[in-house]
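Each protein sequence line maps, in turn, to chains W and D.
Counted from 1, the first sequence has number 15 at position 15 by our numbering; the numbering is strictly sequential.
Every number in our numbering is 118 more than the matching position in the second sequence, counting from 1.
Among the hints, a few may not be true.
[Claimed, not checked] Okay, derived cross-link-like pairs now, DMTMM-like style, lysine to aspartate or glutamate, Cα gap no bigger than 25 angstroms in a straight line:
(1) Lys226(D) / Glu22(W)
(2) Lys218(D) / Asp65(W)
(3) Lys55(W) / Glu213(D)
(4) Lys218(D) / Glu22(W)
(5) Lys20(W) / Glu160(D)
(6) Lys156(D) / Glu176(D)
(7) Lys41(W) / Glu160(D)
(8) Lys226(D) / Asp65(W)
(9) Lys223(D) / Glu111(W)
(10) Lys123(D) / Glu59(W)
(11) Lys223(D) / Glu63(W)
(12) Lys55(W) / Glu217(D)
(13) Lys156(D) / Glu87(W)
(14) Lys223(D) / Glu87(W)
(15) Lys123(D) / Asp177(D)
(16) Lys156(D) / Asp65(W)
Just so you know, these hints were derived from the structure itself, not from any lab.
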Amino acid sequence: GAVVSQHPSWVICKSGTSVKIECRSLDFQATTMFWYRQFPKQSLMLMATSNEGSKATYEQGVEKDKFLINHASLTLSTLTVTSAHPEDSSFYICSARDLAGQAGNTIYFGEGSWLTVV
Amino acid sequence: DQQVKQNSPSLSVQEGRISILNCDYTNSMFDYFLWYKKYPAEGPTFLISISSIKDKNEDGRFTVFLNKSAKHLSLHIVPSQPGDSAVYFCAASAEGGSEKLVFGKGTKLTVNP
Chain W
1 GAVVSQHPSW
11 VICKSGTSVK
21 IECRSLDFQA
31 TTMFWYRQFP
41 KQSLMLMATS
51 NEGSKATYEQ
61 GVEKDKFLIN
71 HASLTLSTLT
81 VTSAHPEDSS
91 FYICSARDLA
101 GQAGNTIYFG
111 EGSWLTVV
Chain D
119 DQQVKQNSPS
129 LSVQEGRISI
139 LNCDYTNSMF
149 DYFLWYKKYP
159 AEGPTFLISI
169 SSIKDKNEDG
179 RFTVFLNKSA
189 KHLSLHIVPS
199 QPGDSAVYFC
209 AASAEGGSEK
219 LVFGKGTKLT
229 VNP
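Only chain D is shown next, with the shape it has when bound in the complex:
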């Protein structure tokens, strides 16, 4: 049973526009969420996180929104840049992030010039 789902395997966006990556989870014990960016043959790079006590966290061009009632979170990138092209993984953890991370399958973002 997949506890963290990224239903869109891929997303294509024009440079300068907004990229919205979605993630759904089923485990109500999850209370800490993270987004990672990954290039082929490299380890994931941490982007941004959010605790369940918040519904929004912003860091530069990246904003993560959390809707606890819907068990849904999204990552907004604006404006999108070609260098943002990568696979984005949503991850969730319980116990305020002390528990192991559970990853979604990733969404491949392509930002076209």
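The shape of chain W in the complex, shown without the other chains:
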């Protein structure tokens, strides 16, 4: 099936610094990518929808100035957590929609990125 790759898999950063997470669709073009976060024992929470060449659409309650999303190409979206705080520590997962894939409108997920802010 389609492959979505995330990097880094895990990152530790100091409070107040910024960290960037990359999401790449490896074998298909994705005009739309999604960013989620997951807290322990909870479901995936959609943060924002990233559209290639335009501004991301953020879900209610998600600070757009804190979670900067850039979707500069059809295969790459980045999430930058700015001025990170310990409460931002979480598992961040991206996904991409493969419109041309065999399964139609299927969304494939990256491996996820663990962020720990100390």
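Given chain W's structure and the hints, the job is docking chain D onto it.
Using the frame of chain W, we list chain D on its own:
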């Protein structure tokens, strides 16, 4: 308001038997449904999907059934294998899957040898 509900947080099944995972939804605009499997500290893996124009879709050991009138879908795994032990998420989307996914809270499946 939770639009996609997985009311069973966990399910335990014996190897070789059938696993049935259930999912209910409230939004009548949903017309595309997906099941994902997730291991701890990994991203979800797509398993199977179904469009609202169908009531059944089968892929190997996995079958998804959709009952639109009851707003209910289920994932059947048969025969269950220990490697199937994971958290299973039901997800729904509108506009034929073009809209964002709405996830249930997941059901943790344990398949005992």
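Right, here's what the structure says about each hint:
Under the criterion of a C-alpha separation no larger than 25 angstroms, the hint pairing Lys226(D) with Glu22(W) is inconsistent with the structure, at around 29 angstroms. With a C-alpha separation of about 22 angstroms, the suggested pairing of Lys218(D) with Asp65(W) holds against the 25 angstroms cut-off. Restraint check: the Cα-Cα separation between Lys55(W) and Glu213(D) comes to about 21 angstroms, which is no more than 25 angstroms; the hinted pair holds. Simply put, Lys218(D) and Glu22(W) have alpha-carbon atoms about 20 angstroms apart, close enough for the 25 angstroms limit, and the pair holds.
A distance of roughly 18 angstroms separates the Cα atoms of Lys20(W) and Glu160(D); the hinted pair therefore holds under the 25 angstroms criterion. Distance restraint check for Lys156(D) and Glu176(D): the Cα-Cα separation of roughly 20 angstroms lies within the 25 angstroms cut-off, and the hinted pair is therefore satisfied. Restraint check: the Cα-Cα separation between Lys41(W) and Glu160(D) comes to about 13 angstroms, which is no more than 25 angstroms; the hinted pair holds. A C-alpha spacing of about 35 angstroms is found between Lys226(D) and Asp65(W), which places the hinted pair above 25 angstroms, so the restraint is violated.
Restraint check: the Cα-Cα separation between Lys223(D) and Glu111(W) comes to about 19 angstroms, which is no more than 25 angstroms; the hinted pair holds. For the given pair, Lys123(D) sits about 20 angstroms from Glu59(W) by alpha-carbon distance, which is consistent with the 25 angstroms threshold. Simply put, Lys223(D) and Glu63(W) have alpha-carbon atoms about 23 angstroms apart, close enough for the 25 angstroms limit, and the pair holds. Between the alpha carbons of Lys55(W) and Glu217(D) the distance comes to roughly 17 angstroms, so the proposed pair stays at or under 25 angstroms and holds.
Distance restraint check for Lys156(D) and Glu87(W): the Cα-Cα separation of roughly 24 angstroms lies within the 25 angstroms cut-off, and the hinted pair is therefore satisfied. Under the criterion of a C-alpha separation no larger than 25 angstroms, the hint pairing Lys223(D) with Glu87(W) is consistent with the structure, at around 21 angstroms. Restraint check for Lys123(D) and Asp177(D): the C-alpha separation of about 23 angstroms stays at or below 25 angstroms, so the hint holds. Using a Cα cut-off of 25 angstroms, the hinted pair Lys156(D) and Asp65(W) is violated, with the two alpha carbons roughly 30 angstroms apart.
In the structure shown, a violation is registered for the earlier hints numbered 1, 8 and 16, in ascending order.
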